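Asker: Listed here are the chains, written in short residue letters.
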Amino acid sequence: MREKILKAIEKNSRIDLKELAIMLGEEEINVVNEIAAMEAEGIICGYHTLIDWEKTSIEKVSALIEVRVTPQRGQGFDTIAERIYKYPEVNSVYLISGGYDLLVSLEGKSLKEVSNFVSDKLSTLDTVLSTATHFILKKYKDHGTVLAKKYVDERLKMTP
Amino acid sequence: MRNPLSNKITTIKPSGIRKFFDIVSEMEDAISLGVGEPDFDTPWHIRDEGIYSLEKGKTFYTSNAGLKELRQEICNYYGRKQGVVYNPMTETLVTVGGSEGIDLALRCMLNPGDEVIIPTPCYVSYEPCTVMADGVPVILPLKNENQFRLTPEELEGAITEKTKILILAFPNNPTGAIMEKSDLEALVPIIEKHDLMVISDEIYSELSYKSKHVSICSLPGMKERTIVINGFSKAYAMTGWRLGYALGPELVIKQMIKLHQFAIMCAPTTSQYAAIEALKNGDDDVVEMTEAYNQRRRFLMNEFKEMNLPCFEPFGAFYVFPCIKEFGMTSEEFALKFLEEEKVAVVPGTAFGDCGEGFLRISYAYSIDDLKVAIGRLKDFVEKLRAEK
Ligand SMILES: Cc1ncc(COP(=O)(O)O)c(C=O)c1O
Numbered sequence: 000m001r002e003k004i005l006k007a008i009e010k011n012s013r014i015d016l017k018e019l020a021i022m023l024g025e026e027e028i029n030v031v032n033e034i035a036a037m038e039a040e041g042i043i044c045g046y047h048t049l050i051d052w053e054k055t056s057i058e059k060v061s062a063l064i065e066v067r068v069t070p071q072r073g074q075g076f077d078t079i080a081e082r083i084y085k086y087p088e089v090n091s092v093y094l095i096s097g098g099y100d101l102l103v104s105l106e107g108k109s110l111k112e113v114s115n116f117v118s119d120k121l122s123t124l125d126t127v128l129s130t131a132t133h134f135i136l137k138k139y140k141d142h143g144t145v146l147a148k149k150y151v152d153e154r155l156k157m158t159p
Numbered sequence: 000m001r002n003p004l005s006n007k008i009t010t011i012k013p014s015g016i017r018k019f020f021d022i023v024s025e026m027e028d029a030i031s032l033g034v035g036e037p038d039f040d041t042p043w044h045i046r047d048e049g050i051y052s053l054e055k056g057k058t059f060y061t062s063n064a065g066l067k068e069l070r071q072e073i074c075n076y077y078g079r080k081q082g083v084v085y086n087p088m089t090e091t092l093v094t095v096g097g098s099e100g101i102d103l104a105l106r107c108m109l110n111p112g113d114e115v116i117i118p119t120p121c122y123v124s125y126e127p128c129t130v131m132a133d134g135v136p137v138i139l140p141l142k143n144e145n146q147f148r149l150t151p152e153e154l155e156g157a158i159t160e161k162t163k164i165l166i167l168a169f170p171n172n173p174t175g176a177i178m179e180k181s182d183l184e185a186l187v188p189i190i191e192k193h194d195l196m197v198i199s200d201e202i203y204s205e206l207s208y209k210s211k212h213v214s215i216c217s218l219p220g221m222k223e224r225t226i227v228i229n230g231f232s233k234a235y236a237m238t239g240w241r242l243g244y245a246l247g248p249e250l251v252i253k254q255m256i257k258l259h260q261f262a263i264m265c266a267p268t269t270s271q272y273a274a275i276e277a278l279k280n281g282d283d284d285v286v287e288m289t290e291a292y293n294q295r296r297r298f299l300m301n302e303f304k305e306m307n308l309p310c311f312e313p314f315g316a317f318y319v320f321p322c323i324k325e326f327g328m329t330s331e332e333f334a335l336k337f338l339e340e341e342k343v344a345v346v347p348g349t350a351f352g353d354c355g356e357g358f359l360r361i362s363y364a365y366s367i368d369d370l371k372v373a374i375g376r377l378k379d380f381v382e383k384l385r386a387e388k
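So the protein lines, in turn, are chains A and B.
Going by numbering that gives the first Met the number 0, the first sequence opens with residue 0, and the numbers climb by one from there.
Going by numbering that gives the first Met the number 0, the second sequence opens with residue 0, and the numbers climb by one from there.
In case anyone wonders, no lab produced these hints; they're calculated from the structure.
Everything hinted at is true.
Derived pair list, reagent style DSS-like, types lysine-lysine, alpha-carbon separation capped at 25 Å:
no.	chain 1	residue 1	chain 2	residue 2
1	A	LYS17	B	LYS304
2	A	LYS156	B	LYS336
3	B	LYS211	A	LYS6
4	B	LYS18	A	LYS156
5	A	LYS149	A	LYS10
6	B	LYS80	A	LYS3
7	B	LYS12	A	LYS156
8	B	LYS80	B	LYS180
9	B	LYS371	A	LYS149
These numbers come from a predicted model, not from an experiment.
Kindly produce the complete structure, drawing on both the sequences and the hints.
Answerer: Right, dumping it as structure tokens:
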């Protein structure tokens, strides 16, 4: 049941739980309890909203930053990752395999704000060796949802 | 000028859906629950293989029976799902949809006057294809109280010494009914006693929500009597690719290949390459789509319960078949009025045989959000009708 609940609420965290229970063929109380348990266990970490900021009048710039660091003895990457994720403008921090170590995504009001953050805060951290900043120009798809296009039903309206 | 038409073709009625289709197509703002194909796109990796085959220049005819690799994958699939071993070289034919398979099987097995038992309500092609093959359709109305399953008594009652073929189409379009293993087992002695052949249309086999689909070909003694019709349209959301297949005893398949060779040459090459990918790597897609259908099915059943609209619980395909007899209208009157007043299109049960009178086919090949809107309108409509009474 957990997997099915997670799949459903990953797509729509606002789904009515009574309705979800019906769709899964479960008792509502069991679904509610299961979700509460997964929240307590830290499996469900939050409920976010997918926003296409492009369509608002609010200015936002997002960037992905590749960061190469020197791992610290006895602590690996955890300490530096924590240093980075504590900045509120940082959205996510991932440890990555391959050509660099950490992938940091962040949002700012303007290109300038983001580049200032990188040059003043990020690259000056002791263990940071280098950074490469990629600004996002357009989001086509995010969290499994296509932002660029609207779904049109192209089927014939009635078929046997 | 002489009459250019054959007598046979002019006796065949146009599909009962046609009339509604014309009305709905004119209504810009109508929403439809009348579609008989998946709402999902063909999974990307399958489309990608089709595109890749075009890039590589695979644009020629294949062998008449279909690509060998595809026939092998089809046999693997029936081995995996039903535990039945078919020979890809002699017992397998790739067709243009399940539709072609149905037509070929009837044309290759019927002599003039042979009777074909067609349990209804059912898909629209069996009866006209039987007539075109000089067979005589024997319509066997199934019953709501049996959840539209075929019982041994009903079968026995429809058999005459002319009966040659029984058509079994489960999971069923339009009722959503299934036949479980024990239901099928009960038919076998009768089929054997009267020496019948079975055309088993299993196009919805993957969409079975209570238990895994059991094919009658897997029952002892039945492989030799069964022509299995299946395809990619419903399970893999590939309706437009026009690809299906037939499995059966060499004696029949050989003749079907011959007819297919003359009438069609071979099924579309691009689609065949895509279908290999579907069978090899498409299991997860099928599971995911089936789960989505099942959730919608439960949602609809609950909605019907809440509005007190009687509907047996269907366990297959993507249709529900609620009963509207309480409103004192024919299915067609109900569907027309519903379309005019609430702008929702459903298919009257009678489009699938006279015994569909008093029922509607509602498709759940739609997103939950669309279903909610449409069912909300059905609820309003039903309440209005009840208040008027
Ligand atoms: C019961 C049944 N059989 C066969 C078909 C034909 O499918 P296709 O020719 O796309 O394989 C359909 C299509 O709606 C169907 O519902």
